[in-house]
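**Student:** Could you build the full structure based on these sequences and the hints that come with them?
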Amino acid sequence: MSLVEAALVTIVAASTPLLLAAIGELVVERSGVLNLGVEGMMVMGAVAGFAAAYTVGSATLGIVAAVVTGIAMSLLFAFLTQILAANQVATGLALTLFGLGLSGLVGEPFTGLPGVKLERIEIPLLSDLPIVGSAFFAQDVLVYASFILTIATAFVLSRTKTGLVIRAVGINHHSAHALGYKVIAVRCACIAFGGACAGLAGAHLSLAYTTQWIESMTAGRGWIALALVVFATWVPGRVLVGAYLFGAVWIMGLYAQGLGAGIPPQLLSSLPYLATIVALVLISGDRILAKANTPACLGQAFVPDR
Amino acid sequence: MISDDSDSQASNSTPKPSPEPGLESAPPAADGEAPPDYLLEANGITKTFGDFTANDDVSLRLRKGEIHALLGENGAGKSTLVKIIYGSLQPDAGSLHWRGKQVRVPSPAVARDLGIGMVFQHFSLFDALTVVENIALVMTGRFDPESLSGRIEQVSAQYGLSLDPFARVADLSVGERQRIEIVRCLLQSPSLLIMDEPTSVLTPQEADRLFITLRQLAAGGCAVLYISHRLEEVKALCHRATVLRHGQVVAQVDARRETAASLARLMVGSDVHRITGGTGSPLEETMIAVRDLDLPANGPFGISLHRISLAVRAGEVVAIAGVAGNGQSELFEALSGERLVKHNEAIALAGTDCGIDGISARRRLGAAFVPEERLGHSAAPTFTLAENMLLTRHGCDSEMVARGGFVDQRYAQRISERVMQRFDVRSGGHLNPPAGALSGGNLQKFVIGRELDRQPKAIVINQPTWGVDAGAAALIRQALIDMARAGAAVLAISQDLDEIFAIADKVAVISRGELSALLPIGDVDRERIGLLMAGEHETRPFDAPGTIDKTNDVNDMKKGSERDAAHP
Numbered sequence: 002m003s004l005v006e007a008a009l010v011t012i013v014a015a016s017t018p019l020l021l022a023a024i025g026e027l028v029v030e031r032s033g034v035l036n037l038g039v040e041g042m043m044v045m046g047a048v049a050g051f052a053a054a055y056t057v058g059s060a061t062l063g064i065v066a067a068v069v070t071g072i073a074m075s076l077l078f079a080f081l082t083q084i085l086a087a088n089q090v091a092t093g094l095a096l097t098l099f100g101l102g103l104s105g106l107v108g109e110p111f112t113g114l115p116g117v118k119l120e121r122i123e124i125p126l127l128s129d130l131p132i133v134g135s136a137f138f139a140q141d142v143l144v145y146a147s148f149i150l151t152i153a154t155a156f157v158l159s160r161t162k163t164g165l166v167i168r169a170v171g172i173n174h175h176s177a178h179a180l181g182y183k184v185i186a187v188r189c190a191c192i193a194f195g196g197a198c199a200g201l202a203g204a205h206l207s208l209a210y211t212t213q214w215i216e217s218m219t220a221g222r223g224w225i226a227l228a229l230v231v232f233a234t235w236v237p238g239r240v241l242v243g244a245y246l247f248g249a250v251w252i253m254g255l256y257a258q259g260l261g262a263g264i265p266p267q268l269l270s271s272l273p274y275l276a277t278i279v280a281l282v283l284i285s286g287d288r289i290l291a292k293a294n295t296p297a298c299l300g301q302a303f304v305p306d307r
Numbered sequence: 419m420i421s422d423d424s425d426s427q428a429s430n431s432t433p434k435p436s437p438e439p440g441l442e443s444a445p446p447a448a449d450g451e452a453p454p455d456y457l458l459e460a461n462g463i464t465k466t467f468g469d470f471t472a473n474d475d476v477s478l479r480l481r482k483g484e485i486h487a488l489l490g491e492n493g494a495g496k497s498t499l500v501k502i503i504y505g506s507l508q509p510d511a512g513s514l515h516w517r518g519k520q521v522r523v524p525s526p527a528v529a530r531d532l533g534i535g536m537v538f539q540h541f542s543l544f545d546a547l548t549v550v551e552n553i554a555l556v557m558t559g560r561f562d563p564e565s566l567s568g569r570i571e572q573v574s575a576q577y578g579l580s581l582d583p584f585a586r587v588a589d590l591s592v593g594e595r596q597r598i599e600i601v602r603c604l605l606q607s608p609s610l611l612i613m614d615e616p617t618s619v620l621t622p623q624e625a626d627r628l629f630i631t632l633r634q635l636a637a638g639g640c641a642v643l644y645i646s647h648r649l650e651e652v653k654a655l656c657h658r659a660t661v662l663r664h665g666q667v668v669a670q671v672d673a674r675r676e677t678a679a680s681l682a683r684l685m686v687g688s689d690v691h692r693i694t695g696g697t698g699s700p701l702e703e704t705m706i707a708v709r710d711l712d713l714p715a716n717g718p719f720g721i722s723l724h725r726i727s728l729a730v731r732a733g734e735v736v737a738i739a740g741v742a743g744n745g746q747s748e749l750f751e752a753l754s755g756e757r758l759v760k761h762n763e764a765i766a767l768a769g770t771d772c773g774i775d776g777i778s779a780r781r782r783l784g785a786a787f788v789p790e791e792r793l794g795h796s797a798a799p800t801f802t803l804a805e806n807m808l809l810t811r812h813g814c815d816s817e818m819v820a821r822g823g824f825v826d827q828r829y830a831q832r833i834s835e836r837v838m839q840r841f842d843v844r845s846g847g848h849l850n851p852p853a854g855a856l857s858g859g860n861l862q863k864f865v866i867g868r869e870l871d872r873q874p875k876a877i878v879i880n881q882p883t884w885g886v887d888a889g890a891a892a893l894i895r896q897a898l899i900d901m902a903r904a905g906a907a908v909l910a911i912s913q914d915l916d917e918i919f920a921i922a923d924k925v926a927v928i929s930r931g932e933l934s935a936l937l938p939i940g941d942v943d944r945e946r947i948g949l950l951m952a953g954e955h956e957t958r959p960f961d962a963p964g965t966i967d968k969t970n971d972v973n974d975m976k977k978g979s980e981r982d983a984a985h986p
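Line by line, the protein sequences are chains D and S.
Offset between the first sequence (1-based) and the working numbering: plus 1.
Offset between the second sequence (1-based) and the working numbering: plus 418.
Since the hints were made in silico from the structure, they are not lab data.
It cannot be assumed that every hint is accurate.
Every beta carbon over 10 angstroms from chain S, so not counted as near; a handful from chain D, in silico [to be verified]: (1) Leu-35; (2) Leu-76; (3) Ile-122; (4) Ala-169; (5) Leu-268; (6) Ala-276; (7) Val-304.
Computed list of lysine to aspartate or glutamate pairs in EDC-like fashion (alpha-carbon distance at most 16 angstroms, straight line) [as the list claims (entries may be wrong)]: (8) D:Lys-162 to S:Glu-484; (9) S:Lys-653 to S:Glu-484; (10) D:Lys-162 to S:Glu-564; (11) S:Lys-875 to S:Glu-703; (12) S:Lys-875 to S:Asp-900.
Cβ atoms here follow ideal geometry from the backbone N, Cα and C, with glycine treated the same way.
**Tutor:** This is the structure we're talking about:
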């Protein structure tokens, strides 16, 4: 395996959790909800996935546990922000803090234990392709899932009635309500989808990317996923590009460290975060680009008037 | 909704007429079944919100092919009634019969299935979506833009309502947006079309166009339930009218046999105050001067102002007419100092150049400003009236903020009470209620009274009586005229042509950020203003692609937003 091939494999592995979490958050934001709790849902998914897989010995069960946990976390957010109309920013931040704290507590007995590794599935013929074969066609099921989810989300949002309703609710919840759509129900469903995706992202971290549980192992990936959604101007295809761009920056940092490039490791490990800031500045500088797909009701609570 | 406490204090208690007026030829059958010639029959509809009764035993009957007006002041319960018919609200008591059968309408989707369509006053459109996507949202079945756009083109051709299915709503004029709403209803081949104040946002020509469409529909057997404040157009368009007052039906009349004055009397319950004042004789001194004002658009959907010049002399009322969203807010912001302009001499108030001065500095020159939005812009909803008093007077009334920067609460309270008394602000007995607790009309009287109480030399007011009931509107208009006759300059930006003809000495029209010449009110008629609203005086090129022949359709006004955003 050449160095390029090896780098590509790790880039895919590093990008997948970003892509999964960002696609989920994209759907949430398209429906007009800003859930800043991605990091918290992701880290809870990671610990639940690891714990379940370790206890039962099945990675599949770990994935299921991670998804269920992600959804449970998101429904807590949905209850507070949609039913009780609490402030979304404050609730999302609380969800992240809560998730980081609770996962540390729950994960304490599992720290340092050897986990269950998600098996690679080699796709016949395609996996033998040079360079890209091992990176894209001999990966675990979550990598494939991330691509399928991206395509499916893009299709649903732009081509189906369901997607149209989600977008409509995010653009003008009063109009959607007047036409008889159930704004709160649509948003709760989207929030749950976002939670499931964040759970999957967490599972990938603790079952595939590394096979162990480390406290706060998400290391800000939830925040990068959030930034990616803005960076991608709420378009699924651009989320894919963005996720791989950030994954690549991340891995390059590690490789540069490994090769002894003489750059301080702190600087290299801060690269993805720096890239996030630069990307956000570039995007918000171009007002028309940023406005084009911005859900106009993003972050606003909807209280039906009687 | 805000309950209007003044309702309960109304002096004249008109006895409720029998629900069966003489005009009805066929009485309903004894067993309670509606006779089959009624399309819709609403019986004894009652709806309360807390201790406010919005609809009290309201009955309404509609025949096929009839254009039926629903009249009433703000808060009379018109919107509640149509929301119940459209399934957005559920009645506490009463029943709906549709084609003779009792029905329940639990949601708008069910209403649409029955054949009831509704065009909302505040459109239920989605700015960032295309026309076809907006329409698909109310259609059942799969989302198929290609076949749907074909049907849209077919229906719009049939009724002469030109629409580009793939245009984005944000790029369309208000008239075009309303067409989307209408076409959206027509696509479902409705048997009943409900229209909530459809002409309040249209030019006179656009309104005429709408009436043609509605008559076409009625001739085809569709019933139209038409809500409006504008009595002349009700008289011209509608066959029958049901009048609501304080949630009750007070009359069902033949609209064609009534006069505008008699309809107004039924709505208000007494004669509406006639505005007096005649034309003024302006003094020499120019109090509000705008010279060659250019202002770039604020954001992608804003309007840029182009070479605006205007002079308002002391003692006269000047009105600026125009369809909403053509630069009125931008002009107001430039005048009030919410947005500063580049050249100081572009704006002068009371003879002093102040284009680069802030709002308090302009107030100190003797100017006063009343913006369009009552709640949130003119007044802070959760603040009390006395606190709201402070918001516009802290910088120009030295007694308001007393020694050491402390607020003199008692002084604020005293002026607030003075304004409430002078301008008949009714607050249900509270001396200092939060602004949000007042009804729209009463709050508007308060925010205007707050400015007039300072005896300003110049007042700029945006939409003085927007969404205000007839009684309050008459009081506000009279106060503005009295102010001018006492020597102040009044600049009123208004969409309401009736209002402009009632109060203004001169009128100018704004369209896509350009202002026409100032014309004496005696020299213009509705026709002339309508042509100006459609942009006759504009100098900037009209470069929106794919627009329709202007002579054929004066209302195809693309907002200049796209181009303005591209060349700020």
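**Student:** So, for every hint listed, does it hold in this structure?
**Tutor:** Going down the list of hints, with the structure as the test:
no. : hint                   : result
1   : Leu-35                 : 17 angstroms, holds
2   : Leu-76                 : 25 angstroms, holds
3   : Ile-122                : 34 angstroms, holds
4   : Ala-169                : 5 angstroms, violated
5   : Leu-268                : 38 angstroms, holds
6   : Ala-276                : 27 angstroms, holds
7   : Val-304                : 14 angstroms, holds
8   : D:Lys-162 to S:Glu-484 : 35 angstroms, violated
9   : S:Lys-653 to S:Glu-484 : 14 angstroms, holds
10  : D:Lys-162 to S:Glu-564 : 14 angstroms, holds
11  : S:Lys-875 to S:Glu-703 : 11 angstroms, holds
12  : S:Lys-875 to S:Asp-900 : 13 angstroms, holds
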